[in-house]
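Work the whole structure out from these sequences, hints included.
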Amino acid sequence: MEPIITASNVNVFYGEKQALHDVSIAIEPRAITAFIGPSGCGKSTFLRCLNRMNDLIPGCRMEGKVTIHGQDIYAPAQDVVLLRARVGMVFQKPNPFPKSIYDNVAYGPRIHRLCEDKTALDARVELALRRAALWDDVKDRLGMPGTSLSGGQQQRLCIARAIAVDPEIILMDEPCSALDPIATAKIEALMDELKEQFTLIIVTHSMQQAQRVSTRAAFFHLGRLVEVGGTKELFNAPTLPQTRDYITGRYG
Amino acid sequence: MSNVMRNTPALIQASLRRRHRAERRFRAYGMLAIGFALVMLGYLLWSIAAPGISGFFRHELTLEVEAESVGADIDTQYQSMVTAVRTLAGNPASAVERRQLLALIGSFAAFDLRDQTAGKTGKVLVSLPLSDLADQTLKGRIDRNLPAHLRPISNQQLAWLDGWQKDGRIVYRLNRDFFTKGDSRAPEAAGFLGSIIGSLWLLLVALVVALPVAILAAIYLECFAPKNRLTLALEVAINNLAAVPSILYGLLGLALFLHWFGLPRSSALVGGLTLAMLILPVLIIATRAALAAVPSSMREAAYGLGASPLQAVFQHTVPYALPGIMTGIILGIARAIGETAPLLMIGMVAFVADIPRSPFDAATAMPVQIFLWASSPETGFIEKTSTGILVLLLILILMNALAIRLRQRYELRWG
Numbered sequence: 001m002e003p004i005i006t007a008s009n010v011n012v013f014y015g016e017k018q019a020l021h022d023v024s025i026a027i028e029p030r031a032i033t034a035f036i037g038p039s040g041c042g043k044s045t046f047l048r049c050l051n052r053m054n055d056l057i058p059g060c061r062m063e064g065k066v067t068i069h070g071q072d073i074y075a076p077a078q079d080v081v082l083l084r085a086r087v088g089m090v091f092q093k094p095n096p097f098p099k100s101i102y103d104n105v106a107y108g109p110r111i112h113r114l115c116e117d118k119t120a121l122d123a124r125v126e127l128a129l130r131r132a133a134l135w136d137d138v139k140d141r142l143g144m145p146g147t148s149l150s151g152g153q154q155q156r157l158c159i160a161r162a163i164a165v166d167p168e169i170i171l172m173d174e175p176c177s178a179l180d181p182i183a184t185a186k187i188e189a190l191m192d193e194l195k196e197q198f199t200l201i202i203v204t205h206s207m208q209q210a211q212r213v214s215t216r217a218a219f220f221h222l223g224r225l226v227e228v229g230g231t232k233e234l235f236n237a238p239t240l241p242q243t244r245d246y247i248t249g250r251y252g
Numbered sequence: 001m002s003n004v005m006r007n008t009p010a011l012i013q014a015s016l017r018r019r020h021r022a023e024r025r026f027r028a029y030g031m032l033a034i035g036f037a038l039v040m041l042g043y044l045l046w047s048i049a050a051p052g053i054s055g056f057f058r059h060e061l062t063l064e065v066e067a068e069s070v071g072a073d074i075d076t077q078y079q080s081m082v083t084a085v086r087t088l089a090g091n092p093a094s095a096v097e098r099r100q101l102l103a104l105i106g107s108f109a110a111f112d113l114r115d116q117t118a119g120k121t122g123k124v125l126v127s128l129p130l131s132d133l134a135d136q137t138l139k140g141r142i143d144r145n146l147p148a149h150l151r152p153i154s155n156q157q158l159a160w161l162d163g164w165q166k167d168g169r170i171v172y173r174l175n176r177d178f179f180t181k182g183d184s185r186a187p188e189a190a191g192f193l194g195s196i197i198g199s200l201w202l203l204l205v206a207l208v209v210a211l212p213v214a215i216l217a218a219i220y221l222e223c224f225a226p227k228n229r230l231t232l233a234l235e236v237a238i239n240n241l242a243a244v245p246s247i248l249y250g251l252l253g254l255a256l257f258l259h260w261f262g263l264p265r266s267s268a269l270v271g272g273l274t275l276a277m278l279i280l281p282v283l284i285i286a287t288r289a290a291l292a293a294v295p296s297s298m299r300e301a302a303y304g305l306g307a308s309p310l311q312a313v314f315q316h317t318v319p320y321a322l323p324g325i326m327t328g329i330i331l332g333i334a335r336a337i338g339e340t341a342p343l344l345m346i347g348m349v350a351f352v353a354d355i356p357r358s359p360f361d362a363a364t365a366m367p368v369q370i371f372l373w374a375s376s377p378e379t380g381f382i383e384k385t386s387t388g389i390l391v392l393l394l395i396l397i398l399m400n401a402l403a404i405r406l407r408q409r410y411e412l413r414w415g
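Sequence order for the protein chains is A and B. Heads up: the first sequence at position 193 corresponds to 193 in our numbering, and the numbers run straight through without jumps. Heads up: the second sequence at position 199 corresponds to 199 in our numbering, and the numbers run straight through without jumps.
Please keep in mind that the hints were generated in silico from the structure rather than gathered at the bench. Source: prediction; values computed, not measured. What you were told as hints is all true, and nothing was included just to trick you.
A short, non-exhaustive set of chain B residues, derived as facing chain A with CB atoms under 8 Å:
(1) 227
(2) 298
(3) 308
(4) 311
(5) 316
(6) 320
Cβ atoms here follow ideal geometry from the backbone N, Cα and C, with glycine treated the same way.
The following block contains the structure:
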């Protein structure tokens, strides 16, 4: 399959410190790719290269090339706003805006002027909430603040908020690490459905989660991409000793 | 386990007693400190309220006067007042007694007479303010037991006052002049409204100038400015400016607005501009703190959805910081209301009897009015000093209460 994202020889520096060394990877469309590895291995940093969130960090510098559909997203002509509309993001801690549930989901469509009128916006909000498996929970209280929901619901609201912009790719940075096992199971089930329409990339600390949800997995260690492959193959027959040590729990 | 580890529970027990004692001691110190502060606060409030509350009231003399025809000038009104008071006192013959009699009536009582008889004819019952001397005597602030030559009020004057009081002619009522007039040479006629309005003009000018500058500067510094040496130096400078003694701002205002720009002296315009410079750093610091308190995850969420930096800041960071910003503004206003020193430097310490109608009129401010009264010798002004402080304190407490209310009402909880 033609990869949707191709990164070649990516180096990232925070000031003097090099956080990523020569990372090259191709990511398949309509699949879930999991980035795994111990804390500080650079997996989140690499994830944030894919929608240029690292641009916001002072002193952060990036070398190499990242293309989406063959288009260099670090090219001077690339509009960051457009990029982030196409590559949505869900964060580690649920971060709904302190606005109503409706306004949270409607925010993206509003700033990008995606809807002609209120009816279209309502329909889009409903669709996004349905796709995020949250509609039935909140359809009677769309005016309530998003922050009044439970942690798992808040995270699904954040996913709905990202979906409402209709991105091609959704980046998830440890989306379940602040949630309990039940909420985590719901989010994982949701990811499984979402991969039919979106390309998902998740960063996770949990190897069980990576095995449960992902089709492909990439193992990062000390700022390098050590091994990448199908999740089953990587976990059952890792080719490198480092990967084997990590997935069998010897360190990390 | 080796010998090194023996007796651990016993050792913990021993140290525990010491730790608990230390904790109890610390709590006792804390309660002592708070108790001391409360006693001092209570004493402060009592020492202001005790002499000050009576300043809201004054004694007035009721008597019947033949109303003058409409439009009579103030001298005619004065003559008819003098005649009525003399008649009441049994027409004293000697010049000394006549002078002493009039010294019991307020200096500007003729104006009250005119106002109360306006449009009326025949006998009219009027209520005239007593003089500061009579008022303070009746409020018990002049010791009647002193020998006559040591007290400011004579035996004859005391006899008149006691006689009027026995006849029920003296009433103790709210001093309306205090809330409706400007300053006066006579304590019984001096009002606080002029300085309240003056303070409002000052605030209006100060806020119109300082607010937009401070808020925009804070938003730029906090949300957009690159973090480099220049912005760091600016930050240090702003923090230092907030700590500069306020009288220096007065000097700056004097040099800049009066000498260089030639703006009208003693006006609320100049005072307001000076206060604007004074509260600018305070407002910037408060606004920046409020903006910094908004979690960066809000901005990240907005960026993640494709918001531009301007949208992320003005649709998220600023609105979520608004309760904190408003609290900061109110505390800045409270600071400006209480400032005296810089206003003295720019000539707002003048005697101003008129209520200022625009920022260009000569004006005085509440704390300056209190300062002026405090430096006057009359007993009545000593009382007015405390009364003015009470009003100022009340306004400050109300503003702080409003700030707390806003903070609680609109505070956003994160996570």
